[in-house]
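Enquirer: Chains Y and L, in that order, are what the protein sequence lines are. Residue numbers in the first sequence follow our numbering, run continuously in steps of one, and reach 224 at the last position. Residue numbers in the second sequence follow our numbering, run continuously in steps of one, and reach 270 at the last position.
Relax, there's no trap hidden among the hints.
Which bits of chain Y does chain L cover? Going by a derived footprint, with three or more residues having C-beta under 8 Å, they are: (1) 80-93; (2) 162-168; (3) 182-194.
Think of the hints as simulated: they come from the structure by calculation, not from any bench. For glycine and all other residues, C-beta sits at the position ideal for the given N, C-alpha and C.
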Amino acid sequence: MDWEALALSVRLSLWTTGVLLVVGLPVAYWLVFARWRWKFLVEAVVALPLVLPPTVLGFYLLLAFSPRGLLGAGYVDLTGRTLAFSFEGLVIASVLYSLPFAVQPFAAAFASIDRTFLEASWSLGASRGATFVRVILPLARRGILTGMVLAFAHTLGEFGVVLMVGGNLPGVTRTVSIAIYDQVQALNYDAALRTSLLLLAVSFLVLAVTYGLQRRVTAAWPLR
Amino acid sequence: MGDDHTRPTVWRWATLALVGCAIAARAVAPATPGTRTVAVAAAADLQFAMAELVAQFHARYPDIAVTATYGSSGNLYAQLSQGAPFDLFFSADAEFPARLAADGLTVPNSEVVYGIGRLVLWVPRGSPLDVQRFGMTVLTQPAARRIAIANPTHAPYGRAAEAALRAFGVYARVRAKLVFGEHIAQAAQFVQAGAADIGILALSLAMAPPMREAGAYWEIPATAYPSMQQAGVILRSARDREAAQQFRDFVSGATGQAVLARYGFTQSTE
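All chains, please: the whole structure from these sequences, using the hints.
Expert: Structural data, given as structure tokens:
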């Protein structure tokens, strides 16, 4: 059983979810409330990771993360370390890969808020920021929770992108899905089965607890 | 967005696109009945040499179509042991074919050693690392921040690379710099993309056209790692056993060996 890999996956998922909360909420807000005729282009970009195979995203990231690449060179200048094959690199990759899984539920929740509440808040003198924090966020909390859970779960089960940019370093980039893959390849089927079962149990537990706490059943993938 | 009156148009376009795809798929499918086929599962270090072997074989036997799929030998073994529909397996070692034989999944006595793999240090063009001058000790230089090798847990080239590092007494010093490719071709991709600074790769990849131009290599002395005899074997489930045998014999025969030699596989000693 590979506890180190599981712990790494959980840590990666937590970081990814946290970053997506900070980045995803403003993006979703902008997508719902901004008026711009080319907005659909941004929507398409946000949804791209749903369509692109992880190998494509992973390959682009590998080139971008290399010390010769744009992102990688900047990171080396800043920290003296390379972004490829690092935990930070995986966080960036996971944030991009799970972006639509967080942003779409966020945006769906924002869009379903009755606009009269917002207009009431604004006309009573609350700023847009205050309205966001005190009206929109509380009303959209279910959708936000759904987005966070999906981002967490999606990162936990991530495989292709990590395989492309991770480099399989124990405790740094060897996530639980990579560890299982290795065990299968090394013909270590017993260990693979045990680790798989553990991942299955953890994933189920996370989802069950979340949906249990939400009680009223909301669609995991709300349609607009 | 999503106004009701636009829906039918969207559906019409989607249907049209699907029909178009179906027609295109039919057009490219090579299914002329009567054509004999051989499906080959090959180790990742073979991917360039195999393309040429397949082309030359096809020129001589136009009625047999050979298709090749590449992966790490360990992964291919796992798939084959679960009945993956391949006729012929070219591994990067002799152990996986022997295991398949022991599992009773191969045609008895169909194993053949087709070449011996060799290891090189490879750096991309413009690298500050001078592999020809410093050899293995170049790995301990600070400019070698990340060293790509194949995963030693299941890739034969990874195991050989680790053995070579130990033989040169640098393993302990470079261990923290190692990154692991799923198979030798991915390790090569890490270095070529610039994500790793240097790699311990297969000579067959370093000599292949896309990489020959893109970098420089230094061959690691064969005494530094256990001999990498690479064997091929015919699967018992082969649909056209005779065609599979023909391709195997072609690869281990004079023409095939000449192609493999050009891609850096030492001739087998047999």
